[in-house]
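So the sequences go chain by chain: A and B.
Everything in the first sequence is counted per my numbering, starting at 1 for the first residue and increasing by one.
Everything in the second sequence is counted per my numbering, starting at 1 for the first residue and increasing by one.
There could be a bad hint or two in this list.
Put simply, identical chains are the same to the list, so a pair is met inside one copy or across any two.
With a straight-line Cα cutoff of 30 angstroms, these simulated DSS-like cross-link-like pairs (lysine-lysine) come out [claimed, not checked]: (1) K276 to K250; (2) K193 to K86; (3) K167 to K200; (4) K193 to K21; (5) K24 to K250; (6) K65 to K21; (7) K298 to K288.
These are calculated hints, taken from the structure and not from any lab test.
Number of protein chains: 2
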Amino acid sequence: MGKLVIVGTLAFDAIETPFGKTDKILGGAATYIGLSASQFNVDAAIVSIVGGDFPQEYLDLLSNKNIDISGVEIVKNGKTFFWSGKYHNDMNSRDTLATELNTLADFNPIVPEDYRDADIVMLGNLHPLVQLSVLNQMTVKPKLVILDTMNFWMDCALKDLHTVIKKIDVITINDEEARQLTGEYSLVVAARKIHSMGPKYVVIKKGEHGALLFNGDNVFFAPALPLEEVFDPTGAGDTFAGGFAGYIAKTGDTSFENMKNAIIHGSTLASFCVEKFGTERMQDLSNKEVHKRLLQFKQLTQFEIELA
Amino acid sequence: MGKLVIVGTLAFDAIETPFGKTDKILGGAATYIGLSASQFNVDAAIVSIVGGDFPQEYLDLLSNKNIDISGVEIVKNGKTFFWSGKYHNDMNSRDTLATELNTLADFNPIVPEDYRDADIVMLGNLHPLVQLSVLNQMTVKPKLVILDTMNFWMDCALKDLHTVIKKIDVITINDEEARQLTGEYSLVVAARKIHSMGPKYVVIKKGEHGALLFNGDNVFFAPALPLEEVFDPTGAGDTFAGGFAGYIAKTGDTSFENMKNAIIHGSTLASFCVEKFGTERMQDLSNKEVHKRLLQFKQLTQFEIELA
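One chain only, chain A, in its complex shape (with noise of 0.2 angstroms):
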């Protein structure tokens, strides 16, 4: 059972969607990345900062996960992030209604020090500084780095992307993302020049149309489950790196091989998440229920055709 170093967001979210809408909820990457690897028992530990604001049941409910909350700062005079976004009736796009970056715009990540040989670190969207600056903690050269990102960065801050992206393992990011950071819209021609970059291991999110694991010449795709209905797809990202991170800090396994299964788990994961507002679903979510969407995964993809 490796140890897991998770830097992100705690955030205060506020979302639209054709179903509905909430008021300020529990949202940011490091929740979801959190409550999704927590899924697997793993020893967890967020690195993160929020606001005097942020209520004390929101930090109760990740500790009572068993994700250790020291690296948590707590600027008591300060607020706590918040997002604001109402996604379009085909639930792909959204608009940004509005970021208020509060106590994050000074956020200097302190790893405790009882993670810093931690085996596993997932840096969650963040300036690539931030990210930069909790590996340079690392008192142990990780296992795996696993890094997400989104294309505001590339935006505002490519040079630094840069400089991180070239000591990761694998980056997660979704598909028009990768299109920006390589200028190539085929994602195999894409997935290759982003490995030039670094990463052996690039996985490129494609939302409800599944995602793709890339090491060289092995590629590897999980779809998305097919859903009835896509409630609110806010966090199936962070909730899919979540998995990923987790059921490789639990196994401890970073071939290939075994990356499938975490892509598998993500995939599965996720599928919860766009279920209920926010973080709702994920909450309470069961082992049992997480076993038998595994088994309609591999009905949905496995088949048998012998070849010699």
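Given chain A's structure and the hints, the job is docking chain B onto it.
Relative to chain A, chain B alone:
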């Protein structure tokens, strides 16, 4: 080894893609379906119509693949159906530049006597009443009737489309068309509604995003093989359907489990079709190439998670 009847167009296509453009080349749904199904050495016949301008070499090409063309009517003084289209840069959307029905306008398909007891009937995209007329000529109820259609018939012959849909076993339809036919955005819900219209099996084609097979609560998904370059998507959907129909005809097994394999074979063959203009890649495709790509499909999709 079952008999397979294919009804559909033999056509001239003029295609423009970001990679180049063609003059009039061999096209048409029945052409792609036939070439694809011929990979399985089944006893297949094409029922179609062409004008006197249709080159003998195109007919020979089909005959040389052991496809019976006695059901192809040649209207000496008529012209062959012509379609011209231009693909956008993303290769997922296209504009139709010209559609000249010509002899197709008066197509009255006649199924050759020898094929009126065929096991498998593949109704390529045509006016629903033309598709229905083929079904009515069958003297023995086929083991499986597969129908392909498109949004055009939903716009202008919806009632006739419903009449034929009621009588078939498998419908292949793309995602946008499934949504148009049912008024449902969720493909899971759309598939259920299409089930209630008649077909026990619903195949929803998502282009580069793969294909879904629904049979009640059973769902199977096959991705499209990630390619470095999609050169020309024309005929990919028909090649997919031809591979599906050909594999079912060869195996004679219409179980859901075997349909999964048929979907994989269809996806595999479609992945070749798009690599060159028109039918070029499909004309000389070797068993060895197909076998190699089936292995790639396994590596792309198969994983080992032990579930109790």
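Need the list of violated hint numbers for this structure, in ascending order. 5
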